[in-house]
Structure formats: structure tokens, C-alpha cells
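Here the protein sequences come in this chain order: A and B.
Going letter by letter, the first sequence gives residues 250 to 748 in this note's numbering.
Going letter by letter, the second sequence gives residues 250 to 748 in this note's numbering.
Hints are computed from structural coordinates only; laboratory data are not their basis.
Warning: the hint list may mix true and false statements.
Where chains are identical, the list cannot tell them apart; a pair therefore holds if satisfied intra-copy or between any two copies.
Claimed, not checked - Result set (DSS-like, lysine-lysine): computed pairs, CA atoms no more than 30 angstroms apart in a straight line:
#1 K636 / K649
#2 K521 / K649
#3 K518 / K293
#4 K605 / K427
#5 K293 / K519
#6 K605 / K330
#7 K521 / K691
#8 K649 / K330
#9 K518 / K330
#10 K661 / K427
#11 K691 / K519
Quick caveat: nothing in here was measured; it's all calculated off a predicted structure.
Number of protein chains: 2
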Amino acid sequence: MNLSASSNPSETFYAEWQSTLSFLQDVMDILLQYLVTNFDRSTKVIDFHYPNELLQEYNWDLADQPQTLEEILSNCRIALKYAIKTGHPRYFNQLSTGLDMVGLAADWLTSTANTNMFTYEIAPVFVLLEYVTLRKMREIIGWPGGAGDGIFSPGGAISNMYAMLIARFKMFPEVKEKGMAAIPRLVAFTSEHSHFSVKKGAAALGIGTDSVILIRCDDRKFSPLEHFPVVFVVVSSLQGFVPFLVSATAGTTVYGAFDPLIAIADICKKYKIWMHVDGAWGGGLLMSRKHKWKLNGVERANSVTWNPHKMMGVPLQCSALLVREEGLMQSCNQMHASYLFQQDKHYDLSYDTGDKALQCGRHVDVFKLWLMWRAKGTVGFEAHIDKCLELAEYLYNKIKNREGFELVIEGKPQHTNVCFWYVPPSLRNMEDNEERMNRLSKVAPVIKARMMEYGTTMVSYQPLGDKVNFFRMVISNPAAAHQDIDFLIEEIERLGQDL
Amino acid sequence: MNLSASSNPSETFYAEWQSTLSFLQDVMDILLQYLVTNFDRSTKVIDFHYPNELLQEYNWDLADQPQTLEEILSNCRIALKYAIKTGHPRYFNQLSTGLDMVGLAADWLTSTANTNMFTYEIAPVFVLLEYVTLRKMREIIGWPGGAGDGIFSPGGAISNMYAMLIARFKMFPEVKEKGMAAIPRLVAFTSEHSHFSVKKGAAALGIGTDSVILIRCDDRKFSPLEHFPVVFVVVSSLQGFVPFLVSATAGTTVYGAFDPLIAIADICKKYKIWMHVDGAWGGGLLMSRKHKWKLNGVERANSVTWNPHKMMGVPLQCSALLVREEGLMQSCNQMHASYLFQQDKHYDLSYDTGDKALQCGRHVDVFKLWLMWRAKGTVGFEAHIDKCLELAEYLYNKIKNREGFELVIEGKPQHTNVCFWYVPPSLRNMEDNEERMNRLSKVAPVIKARMMEYGTTMVSYQPLGDKVNFFRMVISNPAAAHQDIDFLIEEIERLGQDL
């Protein structure tokens, strides 16, 4: 602060700030303008350019010399021009879509506060809000009094990896010091429709992907009652193999299917193995009195992944791992680094949560969830979820008997996932043989490419098992309405009829 | 969009937006006001409350029913009231301090764009900017043409874990499928002053903390030339143990010391083991022509951790892992999940970087670094770093002969870390015995507690090895000036003279 000229230092100080504030306000104006167009159905979802085009479209290089603030504003405009409008009512591409205004405001505040979750002393409010929010989430899971533990982690894949890490430590605590060499070979069980992060985690943790036994599914659900006990007995009888974890999925990525958690809990109890529920996608349904029965049994899990950034519309990233046993994360991960976690501080050290994380610095992900929860109430999340599931059912009803549409899965969707093929007129009367499959497999990619080039809407497609490329529609976007579902169907027909 | 009433749909649409925009502008006004006070030396760094006080000070609970927008604004004000002013010129508590206005603006834009780094199709601009920025960082490291690989990860601890994961895979690719059971017991080497994340990573990856050999340091540096070859030969001769990685530190957490990278590179070359450089803290010095010699040899590393959110002042979080060999991250981590990474898309799939990450969704951390780089130029980062190191030297010169101050390390600081004891008058004439050590160990915690209660400044303290609690001053805050260093010294004297 310049103390020389003015009798009131604050005046000088504030005056120096005018140009900065004016720059920030200019940025804000750009952002507000973008926000409005984000939700305007008459605008494109994406102004698509191929990577090499986009590299040439603008000079993105990093130079020795600075640019002016005017050029910086221009960079911001350009970045947004080519960005995906992830809040657009016709953006259905991912499990995380939509943009909540309170969540956004909270994220701006988080950036402005610019701290990390390392200790209470550097993030007092956010550490407390993590405590309050995780406890509330555990209450909703059904753990008495919200007791237990947890953390906000950088995404569902990391949350699932944490679960595996903690489960291994619970059974063989010596692994922390001595590594996998000192313990038997571990085996994890999950369904063939589970998220790839279960295998990724096993690879990273030194367990190995071969040790992840994928249980075959019927059309849309994990069927441990049929297959699991047999697989379990065979695997357990192998010398040196020890089953340690079942990762059940509440809301699979493609079909949105829910594993039968009560049956899985019974098996885990019988065989004394860790029950993890990957509810990254489906966990949000716990907020709905109408739909939460799909997760019945989740209260018997040892750990649960639940991503509010998916079905609850919280801005990215916001993923929680909830653990039933308190203190286990801490024992598993702590390194007692006294140079980082001083033990003679003047406040209650149980709020210094850094040592239970794999991360040292940890981004503040809780505030946007907390503030949205205050703004919407639990009833607001419930209404959002019920509406999205109603829209999915609307889509299902609309296409189930529509010419040219073929559902991948029979029956009403369990989540908002609706999977279907669009069959262009040229394929409709063909025999169901290899050539038809081959041609059908090329339909969705072409329609998707056209959607992106027109920029009108975006929806995901993929093959799965023996099923060739099909569309997977998911609805988590609060801006979506019936008209957008109608639009999607008609747009697919428009873009695919000549194929 | 309501198409009914207006002849111009956009008018209706924009009209509906007025209350939302007004709310966001109100939030922005709160943030701008906070920002200005953030930098005002006449304000407190922290309005400290004990956790139980803070829990009672306000009702933080999550309820069923929604709050009004007015109440939401009030929540924002309260959250900021109790937040740490991490941009305050007298906040020196962490390796990440300060708040850059362009970086902040970029983070606001990132939140507004609300996407993730999964694929080019959902983050075209950010994926390209990651490509451009990582290449530039590799060029600066000294890899020809900026060739290689890398990723922005959720913090230095995870970046270091990635390095260990990739190093293991490079030597024993079968570990991915078969786990640690199929390969020899691995050994990693690092200095006793390295970051605790090396051990944390080893625990998580199933290698075990016992397999991390800590090389004894002299006062302030890793000394592989003295100790490492002996240790290495002993360890290698043990049946079944295979050395696979040396994690050198460029800028240790407490002392800011730099390992001799050239000597370490020679050893790694001779014994064919992976050389990782943890430059989370010291990597920033590569931006300075005056100081980058301290990392000489980094160009011979196989991987480098470099956190722009530390010494380069980028808002949290922004950590890069750079890898010399291209494609290795992908082979190590990919799971070929075709339902996530469709192989028949219409653009160059090398831009779909998601499968080389452990995460599935990944937060956009690159834009703030990229935009700051555009705004400051390389020369701007250089000036910032040179200034911070000059301030550290100013502090060092000021206290080296000052009564009541005792340096932990002799000689000029290598980084901005200056470690010292404050010795209150009552201890100055005491013999150097256990009682004095015991009393001295209590000085820093009391002064720190008082600092926080007064809210005037914040600096870290810790014990290390046989050294009792001492202050570790670090300077990464661009707002800090000579007067703040002066203030810190006098404040420590004021708060500690009666002890």
C-alpha cells in the first residue's frame, strides 16, 4: 500500500484497483453474455472444428512477451466461441450436463478464495462444509447419524480407486509398508458393465487387471445371485488368491442399470469381503423419494462413490467417496509428515484432513454442492431428478413403437439412460445378418458427426459387447424439456434418413 | 424457449434471464469487493475462529427446503468473511500464495465453460491448449522440440504417483494385468527431504513404503555421490529386489534445496533406472534465466513434476506431469473401453487424451496457466520468480545477524525458503541443552497461534529431523514487498518477546 501521498491510505489503494476491477468486470460481461446464449435453443451447441483447423484458426502460442489486457479479453471470447455449450438444453453427450447458476456462482467464489483442503488453518470454512456435507450424504445413504468418513476426490475413478485401496488395507494393513509382495494375490469382483475405473484402479494399485473378475450380466443387470457364488467358490479355491472386494454399480454408464445391492450385501457379509457401491452416476437417485428404492441395500456397503457433478447438476468436479468405518482412510493413507501436519497447533487437529488423502493439495469441490443444496433444498434436487427420469420415460415411450427406432434394452429405463438404434429406411427391410449389423454399426457415428457439424445437438453412441454402435441418451440437464427430446428424435431422423 | 408471445423469441428469452443475471452480478460484486480487501494490508489475513466456534457462529446445515437468493448471497458473504485471504501480501503460509487477476478470470471462465478434459469432442479448446502448453513446458525442460507426453493432474502428489506408475510399467509392463505378484519386489530411492507423496504413492501402488529407500542428506542437499552408489549396490544384491526409480527433488518442501540432478542422471543412466524429478516447487525456476541452472540435468529426467500453482502463481490447482517418452502413459493406463472412447469418430483420435489418465472426468486446469502465460509472457513469469527470490535473499540478509534470529541452514537460500528460529530474550543466554531445545520447540507454535488470532500474517513452522520447531518462510506471492518482510520480522518479535 502506498502510504506516502494520501492521508487515507485506503483511497490510494482503491484507486489503484480501478483498472483491475474494470478488467474483471469486462471478463464477467463476456461470461454473462456466454451464459445467456448457452441456454438459447436458437444457438449452436458447438461450433465444431477439426483439431488441425482449430490449431490454425487462431494463434494459441505461448510467447516471451506479454499481451495487452484487450488481447486477453479477446482470447477469452475466442475460447468460448469454440467451447461446447455444456449447459445447452440439447447437450446430452455426457453424464454431466447442464449448468446451475448457484453452482456456478459458488465455483467463482471458490476460485476467488483460491485455497486448498489441506488443513483447517488454510480452509476453515471449506473444511467445515466438507464435514457437514459428507455427514449429510452419509445420513442419506442410511448410516446411523451420518457416522463414517469420506472425502471429495478428483472424480469417480479416483473415488473408486480409494475404495479399493482402503478395502485392501482393511484386510491386509501390512500392505502399506510391505507392498503386495507380502500379502496373497487379491481378487475383486464387479459386473461386466461396471465402469472401467475398477480395472484402472486395480492396475494402478498393483493388483492387476487379471484379478478383476467380471461377472457376466443378463441384459441389464449384475446377477450375483445366479453367477457370483459359483465364481466365488472357484476363485477362492485357487492357492494364494483372496477375494477382498465386490464393486457393485448403482447406475451403469451405458444402460443406467442398478446392481441388486441387497443380494450383493448378503454375499459380502457371508464371505466377509468389502462391499463398494459405485454410485457415481446413480447415487443422485438417493435424493428422490420416488426412485431411491433402486439403491436399496446401499446402507450395507462399506464404501460408496457418489458424484454430485453428474445427476445432481453440480459443476465439475464434485465426487464424494463415503466410507462407513471412521478412521480407516486416515490409517490407510497417513504418512505422519510432521513438516506438513504439525501436531502442536492450537486447534482441534481432527479438522486437518489432508493426511487421509492421496493428494497433498486438494481442490475445493464442496462449496458448489453445499451452496446449491442451500439454494434448492433436498426437495429441489429431488424435483430435478424426478423430472429427468420422467423425461427419459417420455423418450422411451415415444420411440418404443416408432418406425426406425429399436431399443437395445426391453422395458422402462431404470435411470435416465435410453439406449437405441436408429435404423435408416434402407436397412429396415433387410434380413438380420452380418451385413446389416455392419451397416447399422456405421449409422450412429455418421449421424453424430453430422450433429456436431450442424451443431444442433449432441448425444453419445458406443458399441457394447456384441451390440453394434447405438445411441445412449442420458438426461441430467435441468434445462432439457419435452421439446428437446422431440427435437433429438427428429434430428436423428433428419440426419440419418439417407444412410 | 417460449415461442408463443413474442415475435422475436430471443427477446422473451433474454427477458427471463434478467433475474438470473442480476443474481450473478450481485455475486460478482461480492467477489470484487472481497478481492480488493484481499490485497489491502490494513485488513486481516484471517478472521480466525476455532472449529467449534465456527460451527456455532452460523447455521451451515443442509435442509429440505430452499433458501432465497438473498440468503444465498448472505452465505457467500459469510463464507468469505471466514476465509483465509490467500492473496494477502502477508500470507506466506503455503507454497501456493497470491492471487493473479488474469489467472482468476481464467478460472471463472473455466467454471463457466464447465466441461472436462475427457475427449476433444467435449473440450476442444482446452484439449488443444493442454497440448500447446505441455509442449512449451517440455521445451523449457530441454526435451528437443518439446517432444514427449504429459498431463495436468490433480496436484503434485498425484503427478509423482503417475511417475512411479509409469516407471514401473516401463520396466515390467506385465504388472498392469498380473499385478505386483508377477514381478520382483521394487525399490525406489529418494532423499530424506523429499515430499511425503513419494511414500504415499509407493503405499498406494502396492510397492510399499519400506521399498522407498530414503537417502540421508547433508544439511541441505541430496548427496547421491556420497551415499547412493553404496546403498544401491547393497540393495541390488538382495534377492528379488529390483531398483526401478530415483525420485530427485528440485526444491524441497522445507529447505527449498535442489538435488544435484546431473549426478543423479549419471547414476540412473549407469544402472538403467527411471529418473523422476519432483519439481513441484522448484520447477518454476526454469522460467528464470538467472536461476534455472539449479535444475541443470532436468533434461535428462524421464519424468518431471512441475506445479505452476506454486511458484508461478497460477490459481489452485495446476500441476503438470511431463514424460519424456511419448505413448507410455497411454499404454500404461489405457483400458480400451470402447463405450467411452469410440474408435470410429470423425476427428483425429490422438486428441482424446482421457484414456491415458487415471481419472475418467478430469478438471480443466490448463486454461488459467495458458491465459496467464499470454498475459505475462515468459518474461513476466521470470520477473515474478526473480523478484520472489530477491525478497527471500533480502529476508536472509536481514535476519542472518539479527539478535534473536538463528538460521537453520547456513548460506544463501537456493529457493525462496528461509528457515529460522526466533529465540526470545529469555532463551538467548541459555546453554544449548535439552531444556533450551524443549522450550525453543514451543516458541514457533505460540507465535503462529498468536499471528492467527491477531490475523496479521501467516507463516508456516515445523520440526524436521533433529531440529525442533522452526519457521519456514516461503515467498511465492506476487503482492509481497520488502515492507511485508520487514513486517513479518517485527511481528514475530512483537508476538514472541515475552516467551
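Taking the hints in turn, this is what the structure says about them:
{"no.": "1", "hint": "K636 / K649", "verdict": "within (20 angstroms within a copy, 67 angstroms between copies)"}
{"no.": "2", "hint": "K521 / K649", "verdict": "neither (43 angstroms within a copy, 61 angstroms between copies)"}
{"no.": "3", "hint": "K518 / K293", "verdict": "neither (52 angstroms within a copy, 54 angstroms between copies)"}
{"no.": "4", "hint": "K605 / K427", "verdict": "both (19 angstroms within a copy, 28 angstroms between copies)"}
{"no.": "5", "hint": "K293 / K519", "verdict": "neither (54 angstroms within a copy, 57 angstroms between copies)"}
{"no.": "6", "hint": "K605 / K330", "verdict": "between (41 angstroms within a copy, 27 angstroms between copies)"}
{"no.": "7", "hint": "K521 / K691", "verdict": "neither (46 angstroms within a copy, 47 angstroms between copies)"}
{"no.": "8", "hint": "K649 / K330", "verdict": "neither (37 angstroms within a copy, 54 angstroms between copies)"}
{"no.": "9", "hint": "K518 / K330", "verdict": "neither (53 angstroms within a copy, 47 angstroms between copies)"}
{"no.": "10", "hint": "K661 / K427", "verdict": "neither (49 angstroms within a copy, 40 angstroms between copies)"}
{"no.": "11", "hint": "K691 / K519", "verdict": "neither (47 angstroms within a copy, 52 angstroms between copies)"}
Checked against the numbered hints above, the structure violates hints 2, 3, 5, 7, 8, 9, 10, 11; every other hint is satisfied.
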